[in-house]
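Model the full assembly from the supplied sequences, consistent with the hints where possible.
The chain contents come next:
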Amino acid sequence: MQLSKGQKIPLNENFLTIKFQRPDSALEIDTAAFLTDGGGKVAGDEDFVFYGNARHNSGAVTHKDDDAIDIDLSRIPRHVEKISLTATIYDADKRRQNFSMIRGAALKIFGASGEVATFPLENFTVETAIVLGEVYRYKGAWKFNATGAGFSGGLAALCNNFGIEVKDVQPPPPPEPERPKINTSRERSKSTRREKIKIPPPPTREEPQPPKKVELRKGQKISLVKKGSTLGEIVINLNWSQPQQKSGFFSRFTSQGIDLDLACLFELKDGNIGAVQALGNHFGSLDYPPYIALDGDDRTGEVASGETIRVNGKFADKIRRILIYTFIYRGAANWEEAKGVVTVNCPGSPELVVRMDEYGSRKHTCAIALLENVGGTFSVEKVVEFFDDSEKMDKAFDWGLRWTVGSKD
Amino acid sequence: MAISLQKGQKVDLTKGNPSLKRLLIGLGWDTNKYDGGADFDLDAAAFLLGDNGKVTSDEDFVFYNNLKHKSGAVEHMGDNLTGEGEGDDEEIKVDLSKVPPQITKIDFTVTIYDAEARRQTFGQVSNAYIRVVDDETGKELIRYDLGEDFSVETAVVVGEIYRNRGEWKFNAIGSGWKGGLAALGRDYGVNV
Numbered sequence: 001m002q003l004s005k006g007q008k009i010p011l012n013e014n015f016l017t018i019k020f021q022r023p024d025s026a027l028e029i030d031t032a033a034f035l036t037d038g039g040g041k042v043a044g045d046e047d048f049v050f051y052g053n054a055r056h057n058s059g060a061v062t063h064k065d066d067d068a069i070d071i072d073l074s075r076i077p078r079h080v081e082k083i084s085l086t087a088t089i090y091d092a093d094k095r096r097q098n099f100s101m102i103r104g105a106a107l108k109i110f111g112a113s114g115e116v117a118t119f120p121l122e123n124f125t126v127e128t129a130i131v132l133g134e135v136y137r138y139k140g141a142w143k144f145n146a147t148g149a150g151f152s153g154g155l156a157a158l159c160n161n162f163g164i165e166v167k168d169v170q171p172p173p174p175p176e177p178e179r180p181k182i183n184t185s186r187e188r189s190k191s192t193r194r195e196k197i198k199i200p201p202p203p204t205r206e207e208p209q210p211p212k213k214v215e216l217r218k219g220q221k222i223s224l225v226k227k228g229s230t231l232g233e234i235v236i237n238l239n240w241s242q243p244q245q246k247s248g249f250f251s252r253f254t255s256q257g258i259d260l261d262l263a264c265l266f267e268l269k270d271g272n273i274g275a276v277q278a279l280g281n282h283f284g285s286l287d288y289p290p291y292i293a294l295d296g297d298d299r300t301g302e303v304a305s306g307e308t309i310r311v312n313g314k315f316a317d318k319i320r321r322i323l324i325y326t327f328i329y330r331g332a333a334n335w336e337e338a339k340g341v342v343t344v345n346c347p348g349s350p351e352l353v354v355r356m357d358e359y360g361s362r363k364h365t366c367a368i369a370l371l372e373n374v375g376g377t378f379s380v381e382k383v384v385e386f387f388d389d390s391e392k393m394d395k396a397f398d399w400g401l402r403w404t405v406g407s408k409d
Numbered sequence: 001m002a003i004s005l006q007k008g009q010k011v012d013l014t015k016g017n018p019s020l021k022r023l024l025i026g027l028g029w030d031t032n033k034y035d036g037g038a039d040f041d042l043d044a045a046a047f048l049l050g051d052n053g054k055v056t057s058d059e060d061f062v063f064y065n066n067l068k069h070k071s072g073a074v075e076h077m078g079d080n081l082t083g084e085g086e087g088d089d090e091e092i093k094v095d096l097s098k099v100p101p102q103i104t105k106i107d108f109t110v111t112i113y114d115a116e117a118r119r120q121t122f123g124q125v126s127n128a129y130i131r132v133v134d135d136e137t138g139k140e141l142i143r144y145d146l147g148e149d150f151s152v153e154t155a156v157v158v159g160e161i162y163r164n165r166g167e168w169k170f171n172a173i174g175s176g177w178k179g180g181l182a183a184l185g186r187d188y189g190v191n192v
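Just so you know, the sequences run in chain order A and B.
For the first sequence, the working numbering assigns the number 1 to the initial residue and increments by one for each residue that follows.
For the second sequence, the working numbering assigns the number 1 to the initial residue and increments by one for each residue that follows.
Keep in mind that the hints are not guaranteed to be accurate.
Dumping the calculated SDA-like pairs for lysine to any residue here, alpha-carbon to alpha-carbon at most 20 Å [to be verified]:
(1) B:33 - A:37
(2) A:8 - B:129
(3) A:8 - B:152
(4) A:395 - A:274
(5) A:139 - B:126
(6) B:33 - A:125
(7) B:33 - A:100
(8) B:105 - B:38
(9) A:8 - B:143
(10) A:139 - B:6
(11) B:178 - A:4
(12) A:143 - B:148
(13) A:139 - B:143
(14) A:143 - B:152
(15) A:143 - B:126
(16) A:8 - B:53
(17) A:8 - B:105
(18) A:8 - B:24
(19) A:143 - B:73
(20) B:33 - A:94
(21) B:33 - A:274
(22) A:94 - B:35
(23) A:139 - B:148
(24) A:139 - B:7
(25) B:105 - B:152
(26) A:269 - A:375
What the simulated footprint calls covered on chain A by chain B, stretch by stretch (three residues with Cβ under 8 Å from a Cβ of chain B suffice, anywhere in the stretch; the number is not a length) [to be verified]:
(27) 4-12
(28) 41-48
(29) 136-146
(30) 151-163
Label-pair distances were calculated between CB atoms; the ranges are [stated by the list, open to error]:
(31) A:96 - B:52: 28 to 34 Å
(32) B:118 - A:137: 37 to 43 Å
(33) B:57 - A:160: 18 to 24 Å
(34) A:23 - B:139: 56 to 62 Å
(35) A:111 - B:175: 51 to 57 Å
(36) B:139 - A:96: 55 to 61 Å
Derived by calculation from the structure, the hints in this document are not laboratory data.
All C-beta atoms, glycine included, are put in the ideal place defined by N, C-alpha and C.
Structural data, given as structure tokens:
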């Protein structure tokens, strides 16, 4: 059924998935749900369900990783009269974006047997935050109202409208650099992004002590040293910190913590491709293909060692390339708070350090480093590029895997 | 306690209440405030109709540009441009004793001003109602909540009062129309 603006339909099933579908664009859009009472206000901040508070405590509303929202009408608390489904453009003011830039978007409602209704969303002008639609009680039953209208004041305007006090919606400032940094300015153009740089000369006899640590710049490539006839075990480690408590609007949502997952895509010389990641229990193997293995999953970041992927250097010649990436499995995409650091250790080579030092992205997946087989050893290149999901990253790096949704619960 | 009506329900006004002379017709609605679009401006109007369901002259159309019927029977209390605030959004007063004899029916309508250009419909309007108040006692006699049956309509005939065997009755109509006030006016025989 196609809905027009203002149209109201009865909802005949309890389990619904509501999705804001839009063509690919540069706009970063977040969906959310506000559970409100008869006066159109939330009873508390927990009634605001979004990426940082992904599940309402009643279990009635769940914000999913792909920005879809699941609703179980049978579990909605009594005081809730209406659930407003919203979309906001992240950082719209600074980026001078609004919903008039989106064409061909639609809100889709799915039930058990497929699509229930689709509501084309169009004719926006200055809005940066829109109410896509409302699920509401009417005479003891649930209905859906195709709203499709919004505000130019972004998430703050939306929150005010639903009775959430907004103190600070600015993202926290980036942390102070811990050491003087080399230029990390981001090159936008694809042709220059992966500029090759000169690999530093291997240590000579006059200089027997290799540097202990090398921090890679974006786009910089360094080759691991082959000691003897084979490479040793390559240990790739991801560590991150838990966010500090902050006074301000998002503090209570971020306190539940960030769960970064370390993972990689691999491509073997025989053409086999795949992923090593906790999601779906693809932990890999060191002695059998893909010769890459993931250690246990650290879901808090509190384990000093973080998460680790190992590559068996003995089989280096069977591996064509490895893309190290991380994604946020739970919690907000607060990369600046996570301060992720990836280290690559290989016997005989200096420790390579890749800091995830580009902030401001709300995307959940970050490609960190690319290892490529060059003459029996690996070159390590810092990438640090953000993607909506693994599938989009896969495409950008021309990997060719088929992606489905997974869970590690 | 006022009688709450369902769509299509007809009730007596003056029968059993012979002293009832002056009515206040209150019309109310809620619209949400959003940026990006124009304000919602809903207008109430009254059409004084003869036996054939048409106006006897253009003056029988009482609205924001013709606030008072020449007979003095129907007076529009003025246009509310935004629909803000509690209570009635617009009110129309009717003096039954002054209604000319050839007028057998008075229809009350609500239309969205400039609906087409503003891309607005009654689907975006909620909690619309009409109530009939005894203007001398202030007592609410009848209330009809329009409910949820509208989506693409831009005009609604909310209710009507009509003569029936020497008495006045009220009919909860609640019919939606596309085309706004102009189309509605033409339908009632007004030269719009």
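Hint check, failures only:
Per hint list: 8, 9, 16, 17, 18, 19, 20, 21, 25, 28, 31, 32, 33 and 35 violated.
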